[in-house]
Amino acid sequence: MRKRWKFELINLYLRTVTRRNGMVGSRAEFLSDNQPNDFKNIVIYSTTALGDFMMNTPAIGALRQRFPDAWITLVAHPKFRDFLTGGNDWDDVVYWNSKVKQVPALVKALQKKGRPELAVILHSHAPYDYTSAVLAGASYIFRDNYHDDESLIDRWLTNYTVGYKGHLIQRKLELIAPLGCDTSAVEMRLPHLPPKCSTTRERKKLGFQLGASSPERCWPIDSFAAVAKRALSHNEDLDIVLIGGPGEVVLGQQFMAQLSPQLHHRVVNTIGKTSLPQLVETINQFDALLTGDTGPFHVAIALKVPTLSLFATAQPVFSGPYQDLNIHHAILGVQSALKAETLGDGAMKSISVDQVMDTFEDYFDVLKPL
Numbered sequence: 043m044r045k046r047w048k049f050e051l052i053n054l055y056l057r058t059v060t061r062r063n064g065m066v067g068s069r070a071e072f073l074s075d076n077q078p079n080d081f082k083n084i085v086i087y088s089t090t091a092l093g094d095f096m097m098n099t100p101a102i103g104a105l106r107q108r109f110p111d112a113w114i115t116l117v118a119h120p121k122f123r124d125f126l127t128g129g130n131d132w133d134d135v136v137y138w139n140s141k142v143k144q145v146p147a148l149v150k151a152l153q154k155k156g157r158p159e160l161a162v163i164l165h166s167h168a169p170y171d172y173t174s175a176v177l178a179g180a181s182y183i184f185r186d187n188y189h190d191d192e193s194l195i196d197r198w199l200t201n202y203t204v205g206y207k208g209h210l211i212q213r214k215l216e217l218i219a220p221l222g223c224d225t226s227a228v229e230m231r232l233p234h235l236p237p238k239c240s241t242t243r244e245r246k247k248l249g250f251q252l253g254a255s256s257p258e259r260c261w262p263i264d265s266f267a268a269v270a271k272r273a274l275s276h277n278e279d280l281d282i283v284l285i286g287g288p289g290e291v292v293l294g295q296q297f298m299a300q301l302s303p304q305l306h307h308r309v310v311n312t313i314g315k316t317s318l319p320q321l322v323e324t325i326n327q328f329d330a331l332l333t334g335d336t337g338p339f340h341v342a343i344a345l346k347v348p349t350l351s352l353f354a355t356a357q358p359v360f361s362g363p364y365q366d367l368n369i370h371h372a373i374l375g376v377q378s379a380l381k382a383e384t385l386g387d388g389a390m391k392s393i394s395v396d397q398v399m400d401t402f403e404d405y406f407d408v409l410k411p412l
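In terms of our numbering, the sequence shown opens at residue 43 and continues consecutively.
Keep in mind that the hints were calculated from the coordinates and are not lab data. Treat each hint with caution, since some may be false.
[Claimed, not checked] Pairs of lysine-lysine residues, derived as BS3-like cross-links and limited to a Cα-Cα distance of at most 25 Å, are as follows:
hint, residue 1, residue 2
1, K238, K410
2, K141, K154
3, K271, K315
4, K121, K141
5, K247, K315
6, K410, K247
7, K155, K141
8, K121, K143
9, K271, K391
10, K121, K150
11, K246, K150
12, K48, K82
13, K207, K246
14, K141, K48
15, K155, K82
16, K143, K154
17, K238, K315
18, K346, K246
19, K247, K346
20, K410, K271
21, K346, K238
22, K315, K121
23, K48, K150
24, K141, K45
25, K143, K155
26, K143, K45
27, K315, K346
28, K207, K271
29, K48, K143
30, K381, K391
31, K410, K246
32, K154, K121
33, K82, K154
34, K82, K150
[Claimed, not checked] Per label pair, the in silico range of CB-to-CB distance:
hint, residue 1, residue 2, range
35, K121, K150, 18 to 26 Å
36, K141, V291, 26 to 34 Å
37, K141, D191, 20 to 28 Å
Only a predicted model underlies this, so the values are computations on that prediction, with no experimental measurement involved. A virtual CB, placed ideally from N, CA and C, is assigned to each residue, including glycine.
With the hints as constraints, model all of the structure from the sequences given.
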């Protein structure tokens, strides 16, 4: 466990403040005949990246469906404020940057409707996430630990999954299964649906998500550029749209530098120019998206936009498409000792331009003229 001393200190602090040795006893209480079956005040934590949040949305929706009359508070990162405010599956959002200094304010906000009966931590940062839930007075705490045998965390939880090796979406649903939630509804959900696209189309749009959370998850820019050149020559009715955040602007510049000026008018570069709601609207207009394992990929899946996703260090069996499998295709690159360029940060070099083009031609309509 990283920084074990921190977890030891938090454990001592919680034992002192609560005068309890943990919440193991809450498991028997939850299972008892007297356990209430209709919670009215629920807190859900999803404070990490966009892709993490999207994969949490089936579980969030299942909780809303199971407890339609509950007051549900979502705890999320402040960078998602304009994306999450007014969402359909929660009543309030408390924004928290995962820092210990903000825990007292978080606890106070979580008690706005009284002490929460249930806290569900789908993806957040330990130890301050479960610490805040305990301090807020949650009667039951469910948490996806991501790792087994976290004894200093486990003692403060009512429920956590053990040894589960399936898709992340399903793992979240199995975590809340003891609450009586439907675990079969696996479709990701957006806080707000974007406006419907016009049925009249003059051009096709192929989206490129150039960046990802870390270098080893990024397909080389020259590979993206090679696909663009071949795709644009394949279909005169096609345009390329680049998407990404402010930190990925340089990737767009590198991409454009590899295209001849004659093709620039067929590339729309939106990298760093859209808010998150605007990004959703942009993706919704695509005929397909070429992407690594990153947030916009999961947004596209929720929008039912066909995706071709590229994996190497990550595994699609855990974080790849889990719905509408007829319109989504993933390529898993294989690293090899005899291909030194595929090791380390070069993992995505194990996927060739030919593999991507062949997949587009075999399974997608985006390269076909209107």
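Results of checking the hints against the structure:
1. K238 x K410: Since the Cα atoms of K238 and K410 sit roughly 23 Å apart, the hinted pair holds (cutoff 25 Å).
2. K141 x K154: Given pair K141, K154 holds - Cα atoms ~20 Å apart, limit 25 Å.
3. K271 x K315: 24 Å, holds
4. K121 x K141: Given pair K121, K141 holds - Cα atoms ~14 Å apart, limit 25 Å.
5. K247 x K315: This hinted pair holds, its Cα atoms lying about 18 Å apart.
6. K410 x K247: Within the cut-off at roughly 11 Å; holds.
7. K155 x K141: 23 Å, holds
8. K121 x K143: 18 Å, holds
9. K271 x K391: 18 Å, holds
10. K121 x K150: Holds, because 21 Å separates the two Cα atoms, which is no more than 25 Å.
11. K246 x K150: The given pair, whose Cα atoms are some 50 Å apart, is violated under the 25 Å limit.
12. K48 x K82: Measuring from Cα to Cα gives roughly 33 Å; hence the hint is violated.
13. K207 x K246: 38 Å, violated
14. K141 x K48: 13 Å, holds
15. K155 x K82: The given pair, whose Cα atoms are some 10 Å apart, holds under the 25 Å limit.
16. K143 x K154: 19 Å, holds
17. K238 x K315: 21 Å, holds
18. K346 x K246: 16 Å, holds
19. K247 x K346: 15 Å, holds
20. K410 x K271: 15 Å, holds
21. K346 x K238: Measuring from Cα to Cα gives roughly 12 Å; hence the hint holds.
22. K315 x K121: 15 Å, holds
23. K48 x K150: 23 Å, holds
24. K141 x K45: Roughly 15 Å between the alpha carbons, so the hint for K141 and K45 holds.
25. K143 x K155: Within the cut-off at roughly 22 Å; holds.
26. K143 x K45: 18 Å, holds
27. K315 x K346: 23 Å, holds
28. K207 x K271: 39 Å, violated
29. K48 x K143: 14 Å, holds
30. K381 x K391: OK: K381 and K391 at ~9 Å, within 25 Å.
31. K410 x K246: 9 Å, holds
32. K154 x K121: 22 Å, holds
33. K82 x K154: 13 Å, holds
34. K82 x K150: 18 Å, holds
35. K121 x K150: 18 to 26 Å: 22 Å, holds
36. K141 x V291: 26 to 34 Å: 27 Å, holds
37. K141 x D191: 20 to 28 Å: 27 Å, holds
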